[in-house]
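Asker: Given next are the chains, with one letter for each unit.
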Amino acid sequence: MINVKVKCFSQVKYALGVDVLTFELDENTTSIDLEKIIRKKAGKKLNNVPLRIAINQKYQKEETILQDADEVVFIPPVQGG
Amino acid sequence: MIITPEVLNKQKNNFTIIDIRSEKERQKFPLLGLDTILFSDDESINVTKKKVLVCQYGIVTEGMIIEKKINNAFSLLGGAQAWVEYYNDNEDLSRWARQTVLPEIGIKGQKKLLNSQVSIIGMGGLGCPVAQSLVMAGIGKLKLIDDDFVSISNLHRQPLYSFDDVNKKKILAAKSKLKVLNPEVIIETVDIFFDNKNGEELLLKTDVIIDATDNIKSRQRIDQISKKLNIPTVYGALFRFEGQVAILNVNGSAGYKDLFPNLNTSVEDSCEDAGVLGMLPAIIGNIQALEAIKLIVGINKNLIGKLLMYDGMNHTMEVIEL
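Those protein sequence lines, which keep their order, are chains H and C. Numbering-wise, this note's numbering comes out as the position in the first sequence, counting from 1, plus 1. Numbering-wise, this note's numbering comes out as the position in the second sequence, counting from 1, plus 528.
In short, the hints are calculated from the structure, not lab data. Since the model is a prediction, treat every value here as computed from it, not as a measurement. The beta-carbon is built from N, C-alpha and C at its ideal position, and this holds for glycine as well. Check each hint, because a few of them may be wrong.
[Claimed, not checked] Distance windows between CB atoms, simulated:
{"hint": "1", "chain 1": "C", "residue 1": "Asp719", "chain 2": "H", "residue 2": "Asp69", "range": "52 to 62 Å"}
{"hint": "2", "chain 1": "H", "residue 1": "Thr65", "chain 2": "C", "residue 2": "Asn758", "range": "25 to 35 Å"}
{"hint": "3", "chain 1": "C", "residue 1": "Gly803", "chain 2": "H", "residue 2": "Glu72", "range": "26 to 36 Å"}
{"hint": "4", "chain 1": "C", "residue 1": "Gly803", "chain 2": "H", "residue 2": "Glu64", "range": "43 to 53 Å"}
{"hint": "5", "chain 1": "C", "residue 1": "Asn758", "chain 2": "H", "residue 2": "Gly18", "range": "18 to 28 Å"}
{"hint": "6", "chain 1": "C", "residue 1": "Pro631", "chain 2": "H", "residue 2": "Asn29", "range": "42 to 52 Å"}
{"hint": "7", "chain 1": "C", "residue 1": "Pro711", "chain 2": "H", "residue 2": "Glu64", "range": "52 to 62 Å"}
{"hint": "8", "chain 1": "C", "residue 1": "Leu683", "chain 2": "H", "residue 2": "Thr65", "range": "25 to 35 Å"}
{"hint": "9", "chain 1": "H", "residue 1": "Thr65", "chain 2": "C", "residue 2": "Pro711", "range": "20 to 30 Å"}
{"hint": "10", "chain 1": "C", "residue 1": "Asn643", "chain 2": "H", "residue 2": "Lys6", "range": "40 to 50 Å"}
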């Protein structure tokens, strides 16, 4: 098992109602798997929100296998100005 | 009291000019064209004639005059550094003394700012603080692009507008306020909605583009043109108590499309999501202005290829490498 921390910003934070979440996950869990978990946890609140992912402050263009102690940030587009 | 190099030059015969600097400092910025006496002790500043005290950057003397209650004394604004610039190039940059004293800016950086042109697309919550800070910092030319009118609901977060401006064109109201802040700034106003047809021509001579828009479609348009023209965009966006800033499209660095590929422009904010406290655009807009200045001056520590995410509720930041 691995432990992963998710720092929540913008729509993700408001959908989940928390700033930080920690997960105990199976090894070989990927970033996309974690996104599915997050979306499920948010109910329908993130249905229309596309999310990009950063792991340990690095933007991920592709699906990535998570490692123990990774810090994940989901990046939604925000448009206010 | 302070005196600028330009005024001192015109009235120098009316003053005793006292140089309080060390020999090393005097060698760096010699006061050519001025008859000076060197500060030896407190007695030397008690001459009855009006006097100008000179230090290296005009900060020590300003405090010294107040602290020692020296009568009939002026501090040379910008100090010897500003005098040397004025004497050599006939250019008085003393009003920016508190930023030219920073080694990262200096006279060289200030000149780059004065010779630069920045285009701001969107004169709302982000555009107002960006424009205000850039004008105050001495940007030479600003192009303001917006076709909107000032609304009463703008006033809590858009500090360039007041009640008198409601129903006026934002770009015109902004221009008149900005000219008060710095009468020398050149401001071009463009009363159109930014789109693909007009965008490229509008941004051709721009050094830096500020994306201060409020919708994904405009952000995508700006990104396309920024990438094509290889002109950097300082992107800023808001969500409730949060904001994002990045410098995009610098010599092939990541753009908005790389950050958010295949983005559907129909993503809509709810009424709650559109809510914002006025401080948030001020914070994010000022970070955008800071990054624009670093880009123009050439300061390497910046947000090129990085996304800053700021949370104003917890005061936490993430800087993500793109």
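Asker: Is 52 to 62 Å a correct range for the gap between the Cβ atoms of proline 711 of chain C and glutamate 64 of chain H?
Answerer: Cβ of proline 711 of chain C to Cβ of glutamate 64 of chain H: about 56 Å, so the range 52 to 62 Å holds.
Asker: Starting from the hint 25 to 35 Å, judge whether the C-beta atoms of threonine 65 of chain H and asparagine 758 of chain C obey it.
Answerer: 30 Å, holds
Asker: Do the beta carbons of glycine 803 of chain C and glutamate 64 of chain H sit within 43 to 53 Å of each other?
Answerer: Since the Cβ atoms of glycine 803 of chain C and glutamate 64 of chain H sit about 34 Å apart, the hinted range of 43 to 53 Å is violated.
Asker: Falls inside 25 to 35 Å, the C-beta gap from leucine 683 of chain C to threonine 65 of chain H?
Answerer: 46 Å, violated
Asker: Is 42 to 52 Å a correct range for the gap between the Cβ atoms of proline 631 of chain C and asparagine 29 of chain H?
Answerer: Holds - the Cβ-Cβ distance for proline 631 of chain C and asparagine 29 of chain H, about 50 Å, lies within 42 to 52 Å.
Asker: Against the range 40 to 50 Å, how does the distance between the Cβ atoms of asparagine 643 of chain C and lysine 6 of chain H compare: consistent or not?
Answerer: 46 Å, holds
Asker: Taking the Cβ atom of aspartate 719 of chain C and the Cβ atom of aspartate 69 of chain H, is their distance within the range 52 to 62 Å?
Answerer: 56 Å, holds
Asker: At the C-beta level, are threonine 65 of chain H and proline 711 of chain C separated by a distance inside 20 to 30 Å?
Answerer: 54 Å, violated
Asker: Taking the beta carbons of asparagine 758 of chain C and glycine 18 of chain H, is their distance inside 18 to 28 Å?
Answerer: Once the Cβ atoms are compared, 43 Å apart, the range 18 to 28 Å for glycine 18 of chain H and asparagine 758 of chain C is violated.
Asker: CB of glycine 803 of chain C to CB of glutamate 72 of chain H, is that within 26 to 36 Å?
Answerer: Taking Cβ atoms as reference, glycine 803 of chain C and glutamate 72 of chain H lie about 29 Å apart, which means the hint holds.
Comparing the model with each earlier hint shows violations of hints 4, 5, 8, 9; every other hint is respected.
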